[in-house]
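Student: One letter stands for each residue in the lines below.
Number of protein chains: 2
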Amino acid sequence: MSIDDWRRRIDEIDLKLIALLNERARCALEIGREKHLQGLPVYQPARENEILANVERENPGPLADTAIRRLFERIIDEARSLERAAQHEDTAAVQAKERPKTRS
Amino acid sequence: MSIDDWRRRIDEIDLKLIALLNERARCALEIGREKHLQGLPVYQPARENEILANVERENPGPLADTAIRRLFERIIDEARSLERAAQHEDTAAVQAKERPKTRS
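These protein sequence lines are chains H and R, in that order.
What the first sequence shows, in numbering that gives the first Met the number 0, is residues 0 to 103, in sequence order.
What the second sequence shows, in numbering that gives the first Met the number 0, is residues 0 to 103, in sequence order.
In isolation and in its complexed conformation, chain H is listed as follows (with noise of 0.2 Å):
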């Protein structure tokens, strides 16, 4: 196969990942949104812990153990960022249709 082959196939990984990478940032969003019901925190390290060893223990190479964790912690940090952002206009909805309150 020549790198205009592989680039091809890299393209269509590409895909399949901006795919994935929106379905698990709507999961947590719904999750966000249950927490911020139930009163929780968005940041839960040892739910983070537990996805950070589960993707090392599930890598099977070529890429790094240190690599795939450092990902995953970019994928984490930016689905804390969607459910900080949701819960910041869930709570601008709930001031605005019901009640003043002061903003976190």
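Think of the hints as simulated: they come from the structure by calculation, not from any bench.
Be aware that a few hints might be false.
[Claimed, not checked] So the derived list for chain R, only partly shown, Cβ under 10 Å to chain H, looks like this:
hint, residue
1, 15
2, 21
3, 28
4, 66
5, 67
6, 77
7, 81
[What the hints assert, rightly or not] Once the Cα atoms are required to be at most 20 Å apart in a straight line, the calculated EDC-like pairs of lysine to aspartate or glutamate come out as:
hint, chain 1, residue 1, chain 2, residue 2
8, R, 34, H, 10
9, R, 15, H, 64
10, H, 34, R, 4
11, R, 15, H, 47
12, R, 15, H, 57
13, H, 15, R, 13
14, H, 15, R, 22
15, R, 15, H, 11
16, H, 15, R, 47
17, H, 15, R, 10
18, H, 15, R, 57
19, H, 15, R, 76
20, H, 34, H, 22
21, H, 15, R, 64
22, R, 15, H, 55
23, R, 34, H, 4
24, H, 15, R, 72
25, H, 15, R, 11
26, R, 15, H, 77
27, R, 34, H, 3
Ideal placement from N, C-alpha and C gives every residue a C-beta, glycine not left out.
Chain R: place on chain H using the hints.
Tutor: Same frame as chain H, but now just chain R:
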């Protein structure tokens, strides 16, 4: 669905992400070998910009385009590290087998 249900779904997605990220890394290694044979540099900014433009264009959300771009910058960065490491191994193997050569 409960938080635990969503988390199980994320764990399933993560297994697929691990597989795809490693499949992508294998492609990058093949490209790295081919570049090495052809005397091309590992870092090819035009191709990296093409990938980033692709993923931003294809991103359906809920991840922001800036978020998906940041994630792929990291994915590309890990691929480049792996290509570099493989080229050094290839160079070392050639040095050992064929001819004395100063390491770049």
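Student: Tell me, which hint numbers fail for this structure?
Tutor: none
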